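Undergrad: Here are the chains, one letter per residue:
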Amino acid sequence: MQTHACPDCDLLQTIPNLPAGGKASCVRCGHTLATGTVEPIGRPLALSIAALLLLIIANIDPLMDLSAVGRHASTTIIGGAYQMWVDGEQATAVVVGFCAVIAPAGYILFMLTVLVGAGRTPVPAWVGELLRWADSMRPWSMVEVMMLGILVALIKIAELAKVEPGIGMYAVGVLMLLIPAIEVSFDPDAIWQRVVWVEPKASPEAAEDPHLGPSS
Amino acid sequence: MATALTAAQAGLIGCEHCGLLVQPASTAEPGHCPRCGSELESRRRRSIERTWALVIAATICYIPANLLPVLGTTTLGSTEYDTIMGGVIFLYTSGSWPLALIVLIASVMVPLGKLVALSYLLISVQRRSPGGNRERTRLYRMVEFIGRWSMLDVFVDTFTVALVQLDPLMSVRPGAGVMFFAAVVVLTMIAAATFDPRLIWDAGAEQEL
Ligand SMILES: [Zn+2]
Ligand SMILES: [Zn+2]
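As given, the protein sequences belong to chains A and B, one line each in that order. In terms of our numbering, the first sequence has 166 at position 166, counting the first letter as 1, and numbering is strictly consecutive. Take any residue in the second sequence, note its place counting from 1, add 1000, and you have its number in our numbering.
The set of hints was computed from the structure by calculation and includes no laboratory data. Values in this document were obtained by computation on a predicted structure and should not be read as measured data. Where a beta carbon is used, it is the ideal one built from N, C-alpha and C, also for glycine. All clues stand as given, with none of them false.
If the Cβ cut is set under 8 angstroms, some of the chain B residues that face chain A in the computed set are:
{"no.": "1", "residue": "G1019"}
{"no.": "2", "residue": "R1035"}
{"no.": "3", "residue": "R1134"}
{"no.": "4", "residue": "F1155"}
{"no.": "5", "residue": "V1156"}
{"no.": "6", "residue": "L1169"}
{"no.": "7", "residue": "M1170"}
{"no.": "8", "residue": "V1178"}
{"no.": "9", "residue": "A1182"}
{"no.": "10", "residue": "P1197"}
The calculated SDA-like cross-link candidates involving lysine to any residue, where the alpha carbons are at most 25 angstroms apart (straight line), are:
{"no.": "11", "chain 1": "A", "residue 1": "K162", "chain 2": "B", "residue 2": "L1099"}
{"no.": "12", "chain 1": "A", "residue 1": "K201", "chain 2": "B", "residue 2": "G1037"}
{"no.": "13", "chain 1": "A", "residue 1": "K201", "chain 2": "B", "residue 2": "E1039"}
{"no.": "14", "chain 1": "A", "residue 1": "K201", "chain 2": "A", "residue 2": "G117"}
{"no.": "15", "chain 1": "A", "residue 1": "K162", "chain 2": "B", "residue 2": "G1077"}
{"no.": "16", "chain 1": "A", "residue 1": "K201", "chain 2": "B", "residue 2": "G1019"}
Modelling step: build the complete structure from the supplied sequences, incorporating the hints.
TA: Written out as structure tokens, the structure is:
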């Protein structure tokens, strides 16, 4: 049992310990407050390692190949951002590079480090810091949107020339599924319950009420 | 639950990053979360003004995003320019109407819908409208969830430009519209993150349970 304030409506409520697959929603606004996960560290760690491998393949191999009148062309993800930059659309190139490469890579690498660090007892404070970084990357990681964008581009160009999907595209397709899988199998509370507090004096061992720490 | 009390009413703050419920010494200057070190805020600071500023900026960018071409296709010396709507029409006439519909929804309707939805949420919060809190919170979550999909056309344009480089036979270059379009998506995503849904529930003493 733990008292929480709902992030969407601020209502105070106690969340019971959840069974695996269980879900606690806010009684007032319906926001999902907590989910019960089977292996909150091990499973997302395995998925993150797989995601890292696919991220590398997705960024090295061509997304698609084009051939017309004896000529060939292909592109990678970074190649797309680079061409935008060269063609004078630097701002767009930065947005594409961030949403397609940097944010997904950042999310996967930060999560990987967090999950490896979570194996230590007690969990060091920097793990919490990196978890915040991973959270801030997540909304900007748009692998699934990019996947749909690649498909639409593929079908559009197919009207003009012969195009074939490359290995990179398949890797993006799998990565698109792995990133939400990491998110769903992971329980951030499994980290926060065991992390060393930034201010150890205020931590539950030192405070009288384990759920109410004084602020600085 | 017998009594419905918000953290703010109880003089507490739930940390936005780690979820810890903190009792700050002063509610005016709550300081930092003792567990994760992030700044504590009972409500996102100046949420309404900031969200309005971002919504207005996005609305301004929405106009050139739709009027300026996003792609220019050069075939044997002659160049043809396409706006976002032009791209949708191209997909439709070339027989792939499901894709035309997806691009139309993601590129035209979703950004417009987000701007309207955020404006409505802001006005209703400023007027302290009491009703429909659950529905408005749901609308907010939808805006937050769906926003990223508007980036679709930026990716389509990027990969089209990158692949179709067969000078002098045929080449595709980006137009100025794509930058404004990307700006609309980024600005509305930041606007959604700046808006504080708890403000919806703060209005009115009525407790909806
Ligand atoms: Zn709630
Ligand atoms: Zn915190």
